[in-house]
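Chains as they are written, first to last, in our numbering: chain F, 1 to 330; chain G, 331 to 660; chain B, 661 to 867; chain Z, 868 to 1074.
Some clues are possibly wrong.
[To be verified] Quick partial rundown of chain B residues pointing at chain G, CB under 10 Å, derived from the structure:
id, residue
1, Arg688
2, Asp691
3, Val713
4, Val715
5, Ser737
6, Ala742
7, Pro745
8, Gly785
9, Gly830
10, Tyr834
11, Ile840
12, Gln843
To be clear, the hints were calculated from the coordinates, so they are not data collected in a lab. Given the structure is predicted, the values throughout are model-derived calculations rather than measurements. All residues carry an ideal CB built from backbone N, CA and C; glycine is no exception.
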Amino acid sequence: MKMLINVPETVVDDALRGIAVAHPELVVDVGSRVVVRRDAPVAGKVGLVSGGGSGHEPLHCGFVGVGMLDAACPGEVFTSPVPDQMVRAAAAVDSGAGVLFLVKNYTGDVLNFQMAAELAEDEGVRVESVLVNDDVAVTDSLHTAGRRGTGATLFVEKIAGAAAEEGASLDRVAELARRVVESSRSFGVALGACTTPAKGSPMFDLPAGELELGVGIHGEPGRERRPMMTAREIADYAVDAVLADLNPRQPVLVLVNGMGGTPLLELYGFGAEVHRVLGERGVPVARTLVGNYVTSLDMAGCSVTLCQADEELLRLWDAPVQTPGLRWGR
Amino acid sequence: MKMLINVPETVVDDALRGIAVAHPELVVDVGSRVVVRRDAPVAGKVGLVSGGGSGHEPLHCGFVGVGMLDAACPGEVFTSPVPDQMVRAAAAVDSGAGVLFLVKNYTGDVLNFQMAAELAEDEGVRVESVLVNDDVAVTDSLHTAGRRGTGATLFVEKIAGAAAEEGASLDRVAELARRVVESSRSFGVALGACTTPAKGSPMFDLPAGELELGVGIHGEPGRERRPMMTAREIADYAVDAVLADLNPRQPVLVLVNGMGGTPLLELYGFGAEVHRVLGERGVPVARTLVGNYVTSLDMAGCSVTLCQADEELLRLWDAPVQTPGLRWGR
Amino acid sequence: MSETALDAGFFLRWMTVAAASVDREAARLTDLDSAIGDADHGSNLQRGFAAVVKVLEAEPPQTPGAVLTTAGRQLISTVGGASGPLYGTLLRRTGKALGEAASVTADELRAALRSGVDAVAQLGGSAPGDATMLDALDPAVEALAASFAAAAEAAGQGAEATVPLQARKGRASYLGERSIGHQDPGATSSALLIAALAEAADQEEAK
Amino acid sequence: MSETALDAGFFLRWMTVAAASVDREAARLTDLDSAIGDADHGSNLQRGFAAVVKVLEAEPPQTPGAVLTTAGRQLISTVGGASGPLYGTLLRRTGKALGEAASVTADELRAALRSGVDAVAQLGGSAPGDATMLDALDPAVEALAASFAAAAEAAGQGAEATVPLQARKGRASYLGERSIGHQDPGATSSALLIAALAEAADQEEAK
Ligand SMILES: Nc1ncnc2c1ncn2[C@@H]1O[C@H](COP(=O)(O)OP(=O)(O)O)[C@@H](O)[C@H]1O
Ligand SMILES: Nc1ncnc2c1ncn2[C@@H]1O[C@H](COP(=O)(O)OP(=O)(O)O)[C@@H](O)[C@H]1O
Ligand SMILES: [Mg+2]
Ligand SMILES: [Mg+2]
Ligand SMILES: [Mg+2]
Ligand SMILES: [Mg+2]
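One chain only, chain F, in its complex shape (with noise of 0.2 Å):
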């Protein structure tokens, strides 16, 4: 498998080198691996940082910017960052009104991440966590490590970002943060497997004329393998895959999340089909967002994530947002 890199071993310094030059507005900091908005510590402000992974970009160093994230710590291309990268990041974004932390739900960041706040307490800073889990490919039991947090990450960041701009204390931030996680459920699919840097070969073995259902955003495959199906067919799956776990009383938030490597062309045309799907169900739509935002490298697929919102969290979604990944407003 051929890829744009120099050696596998440097692909995140690189990509950090590369995120400096094209956002002056943000300060990269190379060696430790935080990337932190170029204002930060903003006075009074409570600060947001997340982190995981590399390999999902724009998440999560492109969702750093003014009413969304305070600060990002990637880790290594599919592995959680370590848990001094987000000590260093809760000093940089700390204004006094403390920081929170937001975690996909994976063992390697839950654990990196809390023994981040452990150590981040004993310096002296307030810190929240809360977890992203909407993947319902995986049960949420006593028996496996969780539902994985995967689109529904976008919405956290996002309207607690807004939140956090508009001054809300910490307490406030975490809570509309874990509302946003209990309102929002997504499903992925896999056409093709990603290939890391490291393993320089794809992920898994998916046979011409077959798709992979319940895919998460690390090349782990999913839980079904089934004959390729049509977009209006992969639709009607996820979303109803979705509705069986999440019961809108309330108009929904769409991601319809390309995974990498499937082109813009297709996902709009699979975006139509979401809609349509959910107009048969009835549920009515608030607002559509159609890219890759939520990527697994060049794994070819998508992902649908629906979060019910009510309208503080819909007013919190629509405000001003002006980070290098997802921009509106003001």
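With chain F's structure known, arrange chains G, B and Z with the ligands on it following the hints.
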């Protein structure tokens, strides 16, 4: 090759329906294949119309909005649109101030826009056309169709769009657009071929361990094939190819463009290498944009576009823009 | 050359036969285009000629000239790409040259096709030898002086003669020397178009 | 069980042997992880143990406890993923339990490892049988009562015993029943770690 589609025949219509649901600020006429900003025609404003084959998203439909295009005409995948579309678009966006056609230099686009211009003028619309031809991989001689239009299209649409938004006259906007064209050059590289829905298999065979230098954005093979190179080597090659044809005496706008199938993580790393070469060659950089903007379906690879920007071009580049694919300011 | 009068029915048959032939050969045309172009020539013409047949069936024009101008306009409105305006212009200009006569002779058709082909050359800024559709169309018009069959034969040979040529127009020109060794897709579809003309003439004779 | 006193040098050797073994087996660990995880376990530990060796060589700690707490801290700071905090905690807690003694007995090491392994279980919320590193570590500590060789043997068997198990913790748990039939990468690396301990002990005896 698996695709997230229903049937190849409806791919463009399906995508247009998706664009309609995702972007209520645009009017999408699926039947006529014209995408227009909702407030068109804007009184006193020159109307900017572009278009071309589909498969390059967000170009062009994703660049319709305040500060950029007034309308876009998407053709079939990699096939230029038909004159009827441009005539309809021109009528929809003409406020009386005239319409500018921004045309990428491909025989099909040139001929269809040319016919459309004649027809629109017959209907009383004043039309000017500007040809974008930035790809240095193709020599511009009597014995070729001339340099292709690729990445510079984004610079032209953005800068001409900003001037039109400010109320510049048709002649003035056209003159600025031509200045951007003259000041811009591109070079593209493919690590893997793309697959069109109609063909269903990769457009050319690229053996493992080789890359294709000097590719366009239609899955055409390039001019030269070489053993695989590192990001560093590719940046050297691409930037030097551009600089052989453009000798910037002013700071440049840099577009580090992904072809669609290359992860953003890798693209940022490549962006860092492009900056390094430019530094080594003594070319100062004014602005850098990294991302998938002028794509070729799922082609793996990238292109580099430089535009030598005087103060006026730079000011217009920085002006507010609000489109699905490019957004900043205000 | 036969002096049979060619009426609107003949021209409708030409278009129908051409549409069927393009439909049958679409995959081959696209394959040729994928080697040196962008893999859409077959589907482009398939879409275009299907639309042509549809409009001609819905409201069959009454004169040879009207059949071709209608067909040409329809190609322009539905094909796109380089081939849409070029084939559209070929048929439109040929049709215009035929005027409003209810039927025309083969010689009149040949003269009209000449002006159609010249219009293609002018619009495309191209000449025979550039490895384009002109390499099939141009010799076909010349050979039409002898017979329809000779025209079809000349068009086929013209298409094959593009193989060793370096493309100088259209997308294939981007390949420079790498375009040598491939048959031009547009020349190939032009050969189909002229072969369809010969087939329509055969059917005419058999009547 | 031998009553040899194990000094800081012994623990430094353990870590050096472990690092070499992880380096050698990195591709295999990553392959196992790619079957049921995300294909990074090998490179994760390679990066981590390389950092451990570097820091231990730069400033070799003077006591067994300090060697292990330093190594554990270094793993936490460089590995990431699930295995970083888990292996880091294993070594840190084991090291803490060894206290500040200049040398320790094998029995003291076993007791310390017990508390290290318990800390892993607590941090991970996991138990033997979940198809994780605990399936190698837990039986290894038990077998250490007999000998280092027995511990290595038990860890290897424990790793193999994860093959028929359904994973209930970590990334592999997402696969549900599809995780059955694969050897857990973390259990495999744990077996390497314990084998490295036995090898260090062999070298100690050979001295
Ligand atoms: N300038 C030109 N003059 C004459 N024929 C041309 C010219 N440019 C392209 N063609 C013809 O058009 C054919 C390609 O048609 P098609 O694939 O449908 O359009 P596109 O190249 O836009 O994808 C070529 O094979 C060639 O025969
Ligand atoms: N909760 C847990 N308890 C014990 N061990 C675990 C747990 N979660 C994961 N592991 C171990 O970690 C290993 C995976 O490590 P690694 O691949 O480096 O991290 P990640 O899963 O984050 O990519 C698994 O094979 C398993 O042995
Ligand atoms: Mg990992
Ligand atoms: Mg085309
Ligand atoms: Mg073509
Ligand atoms: Mg792993």
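Hints the structure violates: just list their numbers, smallest first.
Numbers 1, 3, 4, 11, 12 - these are the hints that the structure violates, sorted from lowest upward.
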